[in-house]
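Colleague: As a plain string of letters, each chain reads:
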Amino acid sequence: MNDPNILVEVKGLRKSFGPLTVMDDLDFSLFKGENVAILGQSGSGKSVLLKVIIGLLEPDEGEVSLWGRRISELDDGELNKVRRKMGMVFQSGALFDSMTVFENLAFPLVEHGFDDEDALREVVKKRLEWVSLPGVEDKYPSELSGGMRKRVALARTLAADPELILYDEPTTGLDPLNSRKISSMIHEIDKRVKSTSIVVTHDLDCARKVAGRWCYLSGGKILADGTPDELFESPHEEVRSFLRGVAPSTENQGRDSRDVPGKTTSRGAE
Amino acid sequence: MKPFLISVGDFGIFSGGVFKRIAVRKTFSGELLRQMYRVGVNSLSVVDLCAFFIGLVLVLQTSSLLARFGAEGQVATIVGAAFVREIGPVFAAIMFAGRVGTGVAAEISSMVVTEQVDAYRAFGIDPISKLALPRVFATALMLPALTAISCLVGISGGFLLAYAESGVPAPVYIAKCLDALTPIDIVASLTKGAVFGLLIGLISTYCGFNTARTTEGVGESTTRSMVSSVLIVLVADLILTKFFMLLS
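Sequence lines, in order, name chains A and B. Heads up: the first sequence at position 89 corresponds to 88 in numbering that gives the first Met the number 0, and the numbers run straight through without jumps. Heads up: the second sequence at position 104 corresponds to 103 in numbering that gives the first Met the number 0, and the numbers run straight through without jumps.
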C-alpha cells in the first residue's frame, strides 16, 4: 500500500550517458510539504535527478513514482496529467522567446483549458506581483535581464498552482544580490502556497533559506540526507568539505570508509 | 548502414506519431493559419522570383535549340510541359526546403537547446502536437499552392521573353501551352506539391527535435534537414512521375 504522503519515490535508479554513470542505484523519497535541497558538486547528477523525476529523461533501471503512480506505467496522456500537478523552474529559465511575458505565463493555463480571459489576466498579474515584476506583461524575454528572466520563469511555474515545484539551480548565473532576492522569493512563495519542493543548487545560502532537508549527491547516490546541521556534522569528509568550501583529500572523495548509500541521519523536519 | 536504418526507423516512428496526434489534438486551426501564413505567404516572393527567371532562361535555351529544327513555335509547348510536370513542383519544393524547412529545423532545434521543448513537456503539453503538427500541415497545404503559382509565373516569364524575342502572341502561346498538358498533368503537379510539402514538413520537424544540445547541433540539424529534404523530394519525384505516367 502506497503512503499517500509520499509525493515522489525513487527506487534503485540507474542512469548512464554512454560510459558515464550518473545515477547508480539511487533511492530517494519526498513527503508532502517537504522542501528539500539537493546539493552536490557540478556533474554529480543533480539536474539529471530532477529531469528523471519529471519524466524528461528515462532511467536505465529503477522506478520513479509520483503520487503513488509509477511513471513507467503511464502513457503520454496520463503522464502529462501528472505533470500538470508539478512545475519546474529550469536553470536557463526556458522562457518561450517568441512569446511575451504575458503569453509565457498564460500559455500553460490556456493549454490546460483555462479560457476566462479576465481571470487569466488577473492570475498573470498576481503571479508577476509575487515575483516583484509588475507591468512587464508586454515585454519579450530578450528585453529582460537574467535575474528578471528567472523571476518570470518562477512566476510562470507558479501560475498553474503546482503541488510540487522542482527548481533547477534557481540562483546560478546571478549576482549575490539577485541570488538572495530569488532565494527569498522562493521562501516566501513556499510559505504562501505551502508547496512541496525540490531545489537543486550548490548555493548554500539559497539552500539554507529554502529547504529544511538537505541531500548530498555523490557517486550516483545520496551520500547524506538530513537537516543542514546534520550534514555539517556528516561522517563523510566529502560532504563536510563541500559544505565548508574546502577541497577534500583526493583519496577519500566519493569513497569514504563510511560511505553507505542512502540516509545517514534522520530526516530533517520542515 | 545501421545508423541509416535506425534513422529511417526513428523517422518512421516520428511521422507515425505526428499522424496519430491528428485524432488526439482538439483544434489547432489558429496555429495552423499562422504557420500557413509564415511558410506560404512569406515564401511567395522568393519562389516566384526564381520561377520567373527560370521561365526566361528556359525560353532562351529552348528557342535557340528549336530554331535549328525550324520549330521555334513549339517553345511554349516545352515551357508549359516542363513547368507543370517537373520544374514547378520540384523547384518550388527545393526553394521551400531551403527557406521553410531549414527555418523550421533551426527554430525547433533552438527550442530544444534552450530547454523550451523540455518546458513544454514539464507543463504537460505535448510538443509534437503543439509544434510539429501545425507546421507539417502548413507545409503540406501551402506547397501545392506555391507550386501552382510558380508554374503560372514561370510560364508567364517565358511568354514575356518569347514575345520580346520572337513576337509570339499571347493566345498562341497559351494555346500551345495548354496543348502539351492533360488534366492528369495538373493533378500530378499539385499532388507532387502536397507530397513534397508533407515530406519537407516531417523531415524538418524531425531534424529539429532530434538535435544535439549544442549550438553546433542547431547548424547540423538545419543542414541535415536541407540535404535530406532535397534528396527525398527527388526520390519521391521519380516515384510519383512513374506513377502518374502509368496512370495516364
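Quick caveat, the hints were computed from the structure, so don't treat them as lab data. In this text, a Cβ means the ideal position worked out from N, Cα and C, and glycines have one as well. It is possible that part of the hints are untrue.
Said to hold, decoys possible - Short derived list, chain B residues pointing at chain A, Cβ under 10 Å:
id: 1; residue: 48
id: 2; residue: 49
id: 3; residue: 113
id: 4; residue: 115
id: 5; residue: 117
id: 6; residue: 118
id: 7; residue: 129
Claimed, not checked - As a list, the in silico PhoX-like pairs of lysine-lysine whose alpha-carbon atoms are at most 25 Å apart:
id: 8; chain 1: A; residue 1: 125; chain 2: A; residue 2: 84
id: 9; chain 1: A; residue 1: 80; chain 2: B; residue 2: 129
id: 10; chain 1: A; residue 1: 138; chain 2: B; residue 2: 129
id: 11; chain 1: A; residue 1: 180; chain 2: A; residue 2: 80
id: 12; chain 1: A; residue 1: 84; chain 2: B; residue 2: 129
id: 13; chain 1: B; residue 1: 19; chain 2: A; residue 2: 80
id: 14; chain 1: A; residue 1: 193; chain 2: A; residue 2: 138
id: 15; chain 1: A; residue 1: 124; chain 2: A; residue 2: 10
id: 16; chain 1: A; residue 1: 31; chain 2: A; residue 2: 193
id: 17; chain 1: A; residue 1: 10; chain 2: A; residue 2: 31
id: 18; chain 1: A; residue 1: 31; chain 2: A; residue 2: 80
id: 19; chain 1: A; residue 1: 193; chain 2: A; residue 2: 180
What the hints assert, rightly or not - Take a look, some chain A residues computed to stay more than 12 Å from chain B by CB distance:
id: 20; residue: 24
id: 21; residue: 62
id: 22; residue: 75
id: 23; residue: 79
id: 24; residue: 81
id: 25; residue: 86
id: 26; residue: 107
Colleague: Hint numbers the structure violates, sorted upward?
Modeller: 1, 2, 11, 14, 15, 22, 23, 24, 25 and 26
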